[in-house]
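Asker: Spelled out from the first residue to the last, the chains are:
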Amino acid sequence: MPEKIHLSVVTPERKVLDMEVDRVEIPGLDGELGILPGHTELISQLKPAGLLTYHTGEDKGEISISDGFVEVSRDRVEVLADRAERPEDIDLARVLEIKEQAERQIQKAMTDPDIDIARATADLERAVIDLQLAEKARRG
Amino acid sequence: MPSLQDLRRRVRTVRNMQKITRSYKMVSAAKLRRAQERVVAARPYANTMMRVLGRLSARAGDYRHPLLERRGDEHYVLALVTADRGLCGAFNTNLIKAAQQFLRENSDKKTEMVTIGRKGRDFFRRRKVDIVQEYINVTAQGVDHQEAARIARELMEMFTSEGSTVDRVFVIYNEFKSVLSQRVVVKQLLPIGAEAFGEAEEAGMDYLYEQPPAELFARLLPRYVETQVFYSLLESVASEHGARMTAMDAASKNAGELIDSLTLTMNRARQASITREIIEVVSGAQSG
Numbered sequence: 001m002p003e004k005i006h007l008s009v010v011t012p013e014r015k016v017l018d019m020e021v022d023r024v025e026i027p028g029l030d031g032e033l034g035i036l037p038g039h040t041e042l043i044s045q046l047k048p049a050g051l052l053t054y055h056t057g058e059d060k061g062e063i064s065i066s067d068g069f070v071e072v073s074r075d076r077v078e079v080l081a082d083r084a085e086r087p088e089d090i091d092l093a094r095v096l097e098i099k100e101q102a103e104r105q106i107q108k109a110m111t112d113p114d115i116d117i118a119r120a121t122a123d124l125e126r127a128v129i130d131l132q133l134a135e136k137a138r139r140g
Numbered sequence: 001m002p003s004l005q006d007l008r009r010r011v012r013t014v015r016n017m018q019k020i021t022r023s024y025k026m027v028s029a030a031k032l033r034r035a036q037e038r039v040v041a042a043r044p045y046a047n048t049m050m051r052v053l054g055r056l057s058a059r060a061g062d063y064r065h066p067l068l069e070r071r072g073d074e075h076y077v078l079a080l081v082t083a084d085r086g087l088c089g090a091f092n093t094n095l096i097k098a099a100q101q102f103l104r105e106n107s108d109k110k111t112e113m114v115t116i117g118r119k120g121r122d123f124f125r126r127r128k129v130d131i132v133q134e135y136i137n138v139t140a141q142g143v144d145h146q147e148a149a150r151i152a153r154e155l156m157e158m159f160t161s162e163g164s165t166v167d168r169v170f171v172i173y174n175e176f177k178s179v180l181s182q183r184v185v186v187k188q189l190l191p192i193g194a195e196a197f198g199e200a201e202e203a204g205m206d207y208l209y210e211q212p213p214a215e216l217f218a219r220l221l222p223r224y225v226e227t228q229v230f231y232s233l234l235e236s237v238a239s240e241h242g243a244r245m246t247a248m249d250a251a252s253k254n255a256g257e258l259i260d261s262l263t264l265t266m267n268r269a270r271q272a273s274i275t276r277e278i279i280e281v282v283s284g285a286q287s288g
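Just so you know, the sequences run in chain order A and B. Going by the numbering used here, the first residue of the first sequence is number 1, and it counts up by one from there. Going by the numbering used here, the first residue of the second sequence is number 1, and it counts up by one from there.
Hints are supplied without guarantee of correctness; some may be wrong.
[What the hints assert, rightly or not] 20 Å max Cα-Cα, derived DMTMM-like pairs, lysine to aspartate or glutamate: (1) A:Lys15 x B:Glu257; (2) B:Lys25 x B:Glu257; (3) A:Lys4 x A:Asp30; (4) B:Lys31 x A:Glu13; (5) B:Lys31 x B:Asp84; (6) A:Lys15 x A:Asp82; (7) A:Lys15 x B:Glu37; (8) B:Lys187 x B:Glu37; (9) A:Lys60 x A:Asp22.
[Said to hold, decoys possible] Sample of chain B residues with no beta-carbon within 12 Å of chain A, all distances over it, derived: (10) Asn16; (11) Arg55; (12) Gly86; (13) Gln211; (14) Leu258; (15) Leu262; (16) Ser273.
Bear in mind the hints are in silico, worked out from the structure with no lab data behind them. Bear in mind that the values here come from a model prediction, so they are computed numbers and not experimental data. Using N, Cα and C, we set each Cβ at its ideal position, and we do this for glycine too.
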């Protein structure tokens with residue numbers, strides 16, 4: 001059985017992560033997926049907003065990912081996300097702006113049925129996760 | 001014979017022009033590098049997606065999806081990806097020629113056009129072609145994935161919407177071969193053909209599906225089309241900068257040759273006038 005798994009996180013625009021890890025937790029659409037080396041082959045959709053956590057030895061890293069798929073084969077985990085951001089990539093000002101806008105949208109959705117509330121909720125959730133992640137990174 | 005003054009002026013003009021073409025070439029080179037990096041960066045996503053799709057399609061069996069639906073062969077939509085700007089050699093001309101050829105070959109069918117880029121639109125607007133949708137300035141500032149996805153969604157919409165008679169959707173764009181060469185590609189975008197699923201995977205271990213395969217499949221197919229469009233745009237942008245760089249390089253060289261030949265003529269004219277003056281002086285002294 002392999003000792004490590006190869007984790008790669010890609011978006012349509014770029015490769016975000018490509019490294020060997022011991023263990024990874026992925027926000028699947030129907031629940032958190034904990035992947036260890038030798039995991040059964042698996043395929044799943046990702047949550048509209050979630051946090052991917054990977055562990056190597058004592059170290060641990062987190063990436064905010066949203067929408068997409070994950071494919072697990074024997075010793076490889078390939079995450080195809082619409083968006084994936086490492087803590088250091090997060091643009092705080094932009095995230096705050098999105099958060100505010102999403103909150104306004106949700107407020108408006110109470111009265112206006114035309115607004116896509118699912119999307120606004122996902123935006124808000126994503127913004128909150130990004131903020132937490134950025135906050136954690138800053139505290140180091 | 002143009003006067004010395006005229007020649008001097010012309011040399012100066014050509015020299016200024018050469019300065020412009022040279023710097024345009026430099027700018028294109030920098031943009032080309034960035035565009036190439038983006039093509040390379042987009043590759044892993046496209047490859048992984050194709051692999052997953054291939055394995056899924058083997059599992060999903062005779063699964064039906066609107067994007068896979070094969071219909072008649074009467075009504076086409078042709079999406080033409082050109083540049084927004086010129087001064088890039090035969091880049092746009094080759095694309096337009098290919099599109100015209102396509103229209104000729106399929107003149108018995110109803111073909112509507114979607115133009116991405118100003119040059120294609122400007123050309124076909126003046127002709128008897130139905131342009132159903134146009135996009136401008138999509139590729140000018142580098143390609144945004146969101147933007148490409150939006151175009152892809154609108155193309156899919158044309159194909160799948162209720163009562164649509166569109167049988168096939170094609171895309172024409174320039175594929176980036178190298179800095180010096182681009183290749184015009186005509187590709188069928190919809191319905192999605194078997195080539196999307198790559199080599200049929202051997203029936204080995206099956207996946208564990210967190211969601212039903214059909215549902216995953218249905219979510220992946222539109223994304224596949226989005227990726228295809230995105231990739232075509234990236235290739236097109238890289239080709240455009242490559243073509244412009246080559247064109248500007250040639251223009252700078254030609255300007256250099258022109259400067260050389262003009263300078264030669266100028267020197268000859270100057271020499272001739274000096275000689276004439278000396279003769280005048282000498283003959284004046286002799287007669288005196």
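Asker: If a hint holds in the structure, say so; if it doesn't, say that too.
Answerer: For each hint, the structure was consulted:
| no. | hint | result |
| --- | --- | --- |
| 1 | A:Lys15 x B:Glu257 | 46 Å, violated |
| 2 | B:Lys25 x B:Glu257 | 17 Å, holds |
| 3 | A:Lys4 x A:Asp30 | 25 Å, violated |
| 4 | B:Lys31 x A:Glu13 | 17 Å, holds |
| 5 | B:Lys31 x B:Asp84 | 15 Å, holds |
| 6 | A:Lys15 x A:Asp82 | 12 Å, holds |
| 7 | A:Lys15 x B:Glu37 | 11 Å, holds |
| 8 | B:Lys187 x B:Glu37 | 23 Å, violated |
| 9 | A:Lys60 x A:Asp22 | 10 Å, holds |
| 10 | Asn16 | 40 Å, holds |
| 11 | Arg55 | 8 Å, violated |
| 12 | Gly86 | 28 Å, holds |
| 13 | Gln211 | 6 Å, violated |
| 14 | Leu258 | 44 Å, holds |
| 15 | Leu262 | 49 Å, holds |
| 16 | Ser273 | 64 Å, holds |
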